[in-house]
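Assemble chain B onto chain A, guided by the hints.
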Amino acid sequence: MSIILDPRAPRSLFADEDVVISRADAQRVIESVVKLSKADAVQCVIRSSRTRNVRFAANQLSTAGVVEDTTLVVMSYIGKKHSAVTTNDLSPESVERTVRKAEAIARLSPDDPEMLPLLGPQTLREASAAWDEETATLAAGIVTAAANTALAPARRPGSTLNVAGFLVTGADAIAIGNSAGHFAYHRGTNANYTLTVRTADGTGSGWSGEDAVAWKSLNFAAVSAQAIDKANSSRNPVAIEPGRYTVILEPQAVGDLVGLMPRYLNARSADEGRSPFAKAGGGNKLGETIVGSMVNLTSDPFDPMVLTQPFDGEGMPLTKQSWITNGVLSTMLIPRAWAVRRNLTPTGNPNNIMLGGGSTTREQMIASTQRGVLVTRLWYLRETDPRTMSYTGLTRDGTFLIENGKITKSIKNMRFNESPLFLLNNVEALGPVRRTASEGPGTQIMPLLKAKDFNFTSLSDAV
Amino acid sequence: MTTRRDFVATTALAAGALALGRPRDAAAHTRLLPHVQPRMDAPTRDLLMLALDTAKRGGASYADVRIQRVQRSAVATRERQVLDVIDSDTIGCGIRALVDGCWGFAATPRLTNEGIQRAASEAVATAKANRIARDRPVELAPNPSHPDATWSSGFTIDPFTISVEEKTSLAIAANVAALSVPGVRFVNTSLQFVKEERNYANSEGSVIAQTLVRTYTPMSITAVSADRSEFAVRDAVVQPTGRGWESVLENNLPVNAKKWAEEAAEKLTAKSVEPGRYDLILHPSNLGLTLHESVAHPTELDRAYGYEANYAGTSFVAPPDKVLGTLKFGSPMMNIYGDRSQPGGCASIGYDDDGVKPEQFDIIKDGVVVDYQTTREQAMWLDWWYKKRGMPTRSHGCSYADSWSSVQFQRMPNVSIKPGAKDLGWNDLIAATDRGIAIQGRGSYSIDQQRFNGQFGGALFHEVRGGKIVGQLKDVAYQFRTTDFWAALDMLGGQKSYELYATFSDGKGQPGQANAVTHGCVPTRHKQINVINTGRKA
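Sequence lines, in order, name chains A and B. Mind the numbering: the first sequence is residues 1495 to 1957 in the working numbering, read in order. Mind the numbering: the second sequence is residues 52 to 589 in the working numbering, read in order.
Lysine-lysine pairs mimicking BS3-like chemistry, simulated, CA-CA at most 30 Å apart:
1) B:LYS309 - A:LYS1773
2) B:LYS322 - A:LYS1779
3) B:LYS469 - B:LYS578
4) B:LYS179 - A:LYS1710
5) A:LYS1946 - B:LYS525
6) A:LYS1773 - B:LYS588
7) B:LYS525 - A:LYS1773
8) B:LYS373 - B:LYS438
9) A:LYS1773 - B:LYS322
10) B:LYS373 - A:LYS1906
11) A:LYS1906 - B:LYS379
12) B:LYS578 - A:LYS1906
13) B:LYS469 - B:LYS416
14) B:LYS519 - B:LYS469
15) A:LYS1779 - B:LYS588
16) B:LYS310 - B:LYS322
17) A:LYS1779 - A:LYS1814
18) B:LYS588 - A:LYS1906
19) B:LYS469 - B:LYS408
20) B:LYS547 - B:LYS469
21) B:LYS525 - A:LYS1779
22) B:LYS578 - B:LYS547
23) B:LYS310 - B:LYS547
24) B:LYS416 - B:LYS473
25) B:LYS379 - B:LYS578
26) B:LYS310 - A:LYS1773
27) B:LYS416 - B:LYS373
28) B:LYS547 - B:LYS416
The following label-pair restraints were derived from C-beta to C-beta distances:
29) A:ASP1955 - B:GLN411: 30 to 36 Å
30) A:ALA1674 - B:SER276: 38 to 44 Å
31) A:GLU1590 - B:PRO193: 44 to 50 Å
Because the hints were derived from the structure by calculation, they are not lab data. Where a beta carbon is used, it is the ideal one built from N, C-alpha and C, also for glycine.
Pulled out of the complex, with its shape left as it was, chain A reads as follows (with noise of 0.2 Å):
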């Protein structure tokens, strides 16, 4: 990417050495604009990424592609008047463009009276374990025969299974700098296997996921056995009475619930009395028990198993920020402008959520439970009440029956009317945690939970 700069010689975008926009070539941009800015002050968002991915349904490839991109963000200030432009031509020319349309529009806004000033410079720490050179290089043939892993077993014959796969391998830089000597950058990789095995006649289906920094990391093979084991053994569920039942929930169903958390922890919106955090008569409920003793919910960059960037979208550099501790809201997020406002430290706007795990093994929890579901992920959670966190959603992919301590069937999905608050307040025990593998960058990492009173409410057919 080194020749963004230079007219002379466009080097070839598929064999560049830099997979992704280096530092060096970042802040040389952003130097440009800054020069260039006419404006009060300037501040720069550079994005760059290059994924490669593979998808397969019905055993058989379906699409597969390689696509990058870089986008670079001007945001002018002028008097109390701000703007933001964005374009993915980094020649001269256009970033001399975008600054000058940044500055217009600015002038033709009305003024905001809660603009921040940027960011000066700051003390960041790297996270460079985040950065995989294998991953971010890898060739179109290796990810089609981790493919085959799957599709292989599916078709041979006298096979029963029907496979559905998603393999994604990328590489992201961001750099953010301003007139006002900050600058951050950070790039980081990530690798993505998910996949759904359905029986042939319809009514087994399975799905197991993985996600790490480093391609070398995923275990095809351990993926593909769970996802036919769930398959396999949820096959022919039968229909239990929807109500109130304790759950086993694996880390992904956690994750999918439990992880719509933290955009109810603005302080802001608690305190505008908005937001289940918001307390009667005003204020909110930091320092209250809002759940469960043994809930731990916290967001780290430099946590080994969900390496993030360092630094939020503003810049911010990010640290470890307990929100729960042993079930007290101990800490709200708190963005900069509201900070300003109230007198308080800004938290950043964190990038990864963590769900404290414990030491109840899987089996314990099975061998404990009298009667209830083990759920192995959720789908399409909506909110239904924003007053208590409440979401709608469905079990999906491998839902069975657990009685007297064992897991005795295959039931059919279920649609939940539950709040993470209330699930939270419910828990029973936690278990080993592990890394979510939701699409996209991993993110979370959450445990095998425990509930008691799980509120499903109607009965699904799908499979």
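For chain B alone, kept in the frame of chain A given last:
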């Protein structure tokens, strides 16, 4: 269009001056000129041809290429202040190559001869690498070539010619009107516009240039009780559209905001619904999303064949050979059609990303499933059905990629319900209902991966007793089994009550892509549907 550089050197500078500086009245005349899509310029055509030539020389039996530019503009406001003024512009090239029956795709923002050749070669190399995992070779349904086609969506005022001042002052005027209502404390209004310039060519001789705009002005009004123990939100007040600034003017936010704000304030003291079975009267602004999820998604052919099994899910409308012509989806008064040629539709287009000119087609006729949404690749899968019905095997024009950087696949066209024969409207359905709930606007929505079990909320609920609205309700969601819900359809509005519902970003695919789509709807009544109360304390 063209490369961004050429564009800026010619039209955009003029348009930019207009957008940024020209006074309102002077601008008014110019921006009302009918928008005419110019023929593709030579440099863009040359790059498209170079991509096709490179792919063919590499061994592709078929290739297509898109050079697209997408501009987005948004202003976001809350209460009396502006939050953001955002403008983005992306341009690049996506190349799809079919080699030995396998697809390969590559995308690059580098619009130089070398960049295009590299990407075309990468698409071919990816297709070749995929051969080891091939089962059946891809075949494409026949399609006439369109050698020099142009198309433009039907907007009359290009939103990209409207000044920042005009946009922000309109949004803030709407916010101020809403804030004048007692109890209303927060208002967010944003104005969002998209303009796409799509240049397409394929190895069968089609060369197509198209321009379209989309507009969305979401508004959300929050009332908070005096003791801060309750809050209520009224949103989903206007629909996204495939039209331009003229639609913003028609929506008249500063005038209508007060009414919506009153509805938010009234919701604070609305009665919490008693769960049970009710006759539901669904306004087009609510029915649209329910139709989208429960009818339009399960009739996507790729879902029926398992192509979305790992993400969006499969379909209960399957397998096609067992359900086409026989599956009773709903009441005999239910007629559903797909149509990407519908004026003003968010999914409307002159030619799809397979180079197919779309036309209206039936999906459900008199309550029975008769067809699916298809692309050229998928139409071949239903060859047997079309032959049986004496119809040509052709795509319904549902191929779409949300960006130059995304590969095209089957996406939802505008899928709509046909109005009833009787001249009935919203008020007629209410008047005919003894005990029911009338629902407007989209709310919470959730449905399983095969589209059997749906649960939908709304933005505004009114209790109906003895043919009259008696007051607002809250905490309402209706939950159903799809075919039961549509079998319970017993009244629907006539042509005069037909309105366009739309959603700006519908997700599907891996990697995920967003599609904007419209659903033409009339008010409907569904007998005895299960209603739950979503309010909970513990």
